[in-house]
Amino acid sequence: MALIDVNGKRFKNFMAKLYGIGAAVVILGAMFKIMHWEGANFMLVAGLTTEAVIFFFSAFEKPATEYDWSLVYPELAKGDGDESMTITQQLDNALENGGIDSELIARLGEGMRSLSETAGALSGAVDAAGATAKYSEQLNSAAANMESLNALYAVQLENTTAQVESQNDVMEKLANASTDVSDLAGQISALKGNLANLNSIYGGMLT
Numbered sequence: 222m223a224l225i226d227v228n229g230k231r232f233k234n235f236m237a238k239l240y241g242i243g244a245a246v247v248i249l250g251a252m253f254k255i256m257h258w259e260g261a262n263f264m265l266v267a268g269l270t271t272e273a274v275i276f277f278f279s280a281f282e283k284p285a286t287e288y289d290w291s292l293v294y295p296e297l298a299k300g301d302g303d304e305s306m307t308i309t310q311q312l313d314n315a316l317e318n319g320g321i322d323s324e325l326i327a328r329l330g331e332g333m334r335s336l337s338e339t340a341g342a343l344s345g346a347v348d349a350a351g352a353t354a355k356y357s358e359q360l361n362s363a364a365a366n367m368e369s370l371n372a373l374y375a376v377q378l379e380n381t382t383a384q385v386e387s388q389n390d391v392m393e394k395l396a397n398a399s400t401d402v403s404d405l406a407g408q409i410s411a412l413k414g415n416l417a418n419l420n421s422i423y424g425g426m427l428t
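Under the working numbering, think of the first position of the sequence shown as 222, with each following residue one higher.
Because the hints were derived from the structure by calculation, they are not lab data. Glycine included, each C-beta is placed from N, C-alpha and C at the ideal position. Just to be clear, a hint being listed does not mean it is correct.
Taking CB as the label site, the calculated pair distances span [what the hints assert, rightly or not]:
id: 1; residue 1: M256; residue 2: A280; range: 45 to 53 Å
id: 2; residue 1: G414; residue 2: D390; range: 30 to 38 Å
id: 3; residue 1: K233; residue 2: E259; range: 52 to 60 Å
id: 4; residue 1: A244; residue 2: A354; range: 50 to 58 Å
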């Protein structure tokens, strides 16, 4: 009885895990060496050793079974030349039985070219329609911006008018205040004159 059944399921599972884990170690060793990281030599040796172990165990794997598919599909047993000729003959017979000749194929090709040209024209029309729609959107956006500017101008005009009216009111009040000051100055001057006359009369009475 063999210690390890190389044809068994356990050995196949072991080899699958060995391939995956071993490949990871090999890649890490190469990465350490390429990046010049510390311990690169050790990792490279570990990776190469792991790869050698993998090759050692893979030598005991059972070769893949090659099946004779010609037993299931007898057509595969025929030669390539005969098979190619048979397929060509079958295609010719099918076309002949279906009433498909070279003239019909030529008309079909012409129809396909016409369809391609029509599709190209439709594509151009679609592009033109898209450009027109985009231009219309830009015009609508510009109109909306103009409306916003007009509204802003109206608000600024109202504010400016209110400021001018307020300044006129202030100037009018200043003008009235100036008139009042002039009247007050006249009254003060008359009062000074009256005081001077009183002082003269009082001085004459004392002498």
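Hint check:
Between M256 and A280 the beta carbons are some 33 Å apart, a value that contradicts the proposed interval 45 to 53 Å. Between G414 and D390 the C-beta distance comes to about 37 Å, which sits within the given range of 30 to 38 Å. Checked against the hint of 52 to 60 Å, the C-beta distance between K233 and E259 comes to roughly 38 Å, which is inconsistent with it. Checked against the given bound of 50 to 58 Å, the beta carbons of A244 and A354, roughly 56 Å apart, stay inside it.
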